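Engineer: If you want the building blocks of each chain, they are given just below.
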Amino acid sequence: MKKLLALVLAMTMVMALVACGGNNDSQGSTPAQDQQQTEPNTPDTPEPAAGGGELTLWTYPIGDWGKEEKVKAITDAFTADTGIAVKVEYLAYADGDDKVNSAITAKSAPDLIMEGPERLVTNWGDKGYLVDLSDMFDDTDRGEINAAAMTACTHPNGSVYEYPLVVTAHCMAVNLDAFKEAGADQYLDLENHTWTTENFIKAVDALYAHFNAPVGAVFCKGQGGDQGTRALVNNLYGGTFATASHDQYTWDDPKNIQALEQLKSMPGIAFDASLEGGDEIKVFYQGILKMAFCWNIAQQLNPNQADTGAGLTASGEEIVFMGFPSESGKPALQGGIWGFGIFDNGDQAKIDNAKTFIKWMCDSEHTVDAVKTANYFAARSSAEGTDLSGIWADNEIMNQYQVLMPYLGDYYQVTKGWAGARTEWWTMLQKVGEGADIAETVATYAANANANAG
Amino acid sequence: MARQSKPTMSRALQRRENISGYLFLLPSLIFFIGFVVIPMIICIVTSLTDANMHDQSMFGNFIGFSNFTKLMADETFLEALKNTFIIVIVSVPTVCAFSLWVSSAIYKLSGPVLSAFRCIFYLPVVTGSVAVTVVWKWMYDNYTGIFNHVLKGAGLIDQNINWLGDSRYALWCIILILFTTSVGQPIVLYVSALGNVDQTLVEAAEVDGANSFQVFWQVKWAQMMPTTLYILVITTINSFQCFALIQLLTKGGAGTNTVMYHIYWTAFKLTEQAGHFGYANAMGVVLAIFIGLLSALQFKLAKEK
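Protein sequences appear in the order of chains H and A.
Per our numbering, the first sequence starts with residue 1, numbered consecutively.
Per our numbering, the second sequence starts with residue 1, numbered consecutively.
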């Protein structure tokens, strides 16, 4: 009996060793992969692999690119067209970066990833994990693609790490019914969807006087939706967040300090460290807050992703999207640019297939569907002869929203040390909310961000 | 001859027994070495390097104790360390004292009633921490939470309290949840330990004129010391490693950053920063040293007792 047990245990040990040995074998293939990496990329549009093949795509929730039924429809069409199967994994902003970083560390990154330049260019592209896509752009492409988007997708070293698909402008939103109830709608320019700093202050005061509770929240629990708080602070008195050359953070600008002091002094505005952007949207959707600083066209079309009607709160009150208040009434809005990047996993056939996928989605007659799936605006005017400028002609809300697009400001998210800077930003807002000296706190955290930017 | 062969046979038998024993241990040993010992060694080694996720090799460049020197001047880390100690110092004694009190009150109850109490106190332990935390999050909610609703309804507050967003309350809210999820196991263990106290010693003490307190302190408490030691060590380690609650409720904001959460944030969020793996591992080593020291102290005190 003992011999039998000993034999079983010995076999367990041997199997464990064999399992480890198998892992070593796979590591042994690395030099061959390295050899493949040194081969030049195939130029322009690659031919689909004869045998089809399979791609893995990881996508953040970019409009309906976060919804399986919508994405499956378009990837199935791609597979039917090219024979290349696409396996999609849906990431959340809360932990998506962790998953991608873990996958990179474990050398199991996906073939394709869909996100914005702040991750694809400034982070993973900068570190050499992504394939340079510059051979996918000819002069026609560069002429058709939004210039700001093209610049944001291009690394300072000239490599293009993201092929842009869609763009939008982030904005804020107000509960129009609540504004009317408090007599604050007089401060809104509803035709142009803009307002001045002076009118914003008057509106918040009127709302607070009426509802006797904070009506807007400078949310600062984490980095989710922080483009809203940055845009609010920057726009109030015309401050900046980073230099135009994107090499230094400038949020210790006295105009930003003035804006923070103004916001802190307003009883109708709460600095809330229990909310992130998504939480703020939910509270606004519930009708508790009367304005949301984390908003864009995707939210306007489907507030809180609750499928209870475009431009309406949970109780049916009307939501109006607005530019951020500024002294001149002309905001500088934070842009959103999303597209695809390819991880360099050392398999040239997969890289070619991934380029075929990108070409199919971003520069073909199918681009209309890919853009509409995102619920944003096309990053280019036309794709292989298909005019993309009027693809939302049948959607009144999308058409209205285009009034904000001329206000797109600098895409400073590509400044070096971006992840660290975001952490410093919301931590700083928490300290300001707790009553710390604003000028001193802003200086400290801006300096930290710049130290990380190195 | 016979004298010589007997010990030889015994040694052979002993050797076979030892081999069998080690073979039984082997599967666990492989996992223990693979998933505990080796990662610990890697953690210690990388804490002395500038390793980060972008290096091709696992270990970066050797930089001596630079990470540890940097930690001593890192205000965020020191604040996280302070918060961690507050959690441990508050949570460990209260968990032990409360568990002991509840156990003393219920251990003599009849079987079904005792089982019901055990279930009630153990429920938060077996329920997933995410589910428990989500419920607490609803209750603490600044705008729609039941705590604010009740307090306002009772006229005790005028404005809502931002339980998880205000540094005056947030850490204590975390400690309260940690408390409810930590008392289950100690209560079950103490009930068991109290049930196993030698009644003859208790009766002898009572015959000798000892009062209830003396019986408890001199007889029962002394016999429960191994259980107490286990509870102290486990609760201390759990409190030091408080992570899920912070991640799910505050993300380290509002004065609730702990060392465990700061390690995670540095290692997996601040991936652009040079040497972030090495730096995070240095924090891990410091945390392990503190846990080790405190556990050793607890062992020593318990031994003296």
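Some hints here could point you the wrong way.
Label-pair distances were calculated between CB atoms; the ranges are [stated by the list, open to error]:
#1 D387/H x Q241/A: 54 to 62 Å
#2 A131/A x T243/H: 45 to 53 Å
#3 F299/A x A436/H: 54 to 62 Å
#4 P267/H x G155/A: 20 to 28 Å
Once the Cα atoms are required to be at most 20 Å apart in a straight line, the calculated EDC-like pairs of lysine to aspartate or glutamate come out as [unchecked claim]:
#5 K82/A x E434/H
#6 K416/H x D205/H
#7 K127/H x D81/H
#8 K269/A x D252/H
#9 K99/H x D55/A
#10 K87/H x D135/H
#11 K127/H x D166/A
#12 K255/H x D141/H
#13 K264/H x D208/A
#14 K220/A x D208/A
#15 K269/A x E54/H
Keep in mind the hints are simulated off the structure, nothing from the lab.
Small disclaimer: the values here were computed from a predicted structure and weren't measured.
Beta carbons: idealized from backbone N, C-alpha and C, even for Gly.
Engineer: The structure should be examined with respect to each hint, and the outcome stated for every one.
Structural biologist: Evaluated hints:
| no. | hint | verdict |
| --- | --- | --- |
| 1 | D387/H x Q241/A: 54 to 62 Å | holds (58 Å) |
| 2 | A131/A x T243/H: 45 to 53 Å | holds (46 Å) |
| 3 | F299/A x A436/H: 54 to 62 Å | violated (42 Å) |
| 4 | P267/H x G155/A: 20 to 28 Å | holds (21 Å) |
| 5 | K82/A x E434/H | holds (19 Å) |
| 6 | K416/H x D205/H | violated (38 Å) |
| 7 | K127/H x D81/H | violated (34 Å) |
| 8 | K269/A x D252/H | violated (24 Å) |
| 9 | K99/H x D55/A | holds (18 Å) |
| 10 | K87/H x D135/H | violated (25 Å) |
| 11 | K127/H x D166/A | violated (38 Å) |
| 12 | K255/H x D141/H | violated (39 Å) |
| 13 | K264/H x D208/A | violated (70 Å) |
| 14 | K220/A x D208/A | holds (15 Å) |
| 15 | K269/A x E54/H | violated (30 Å) |
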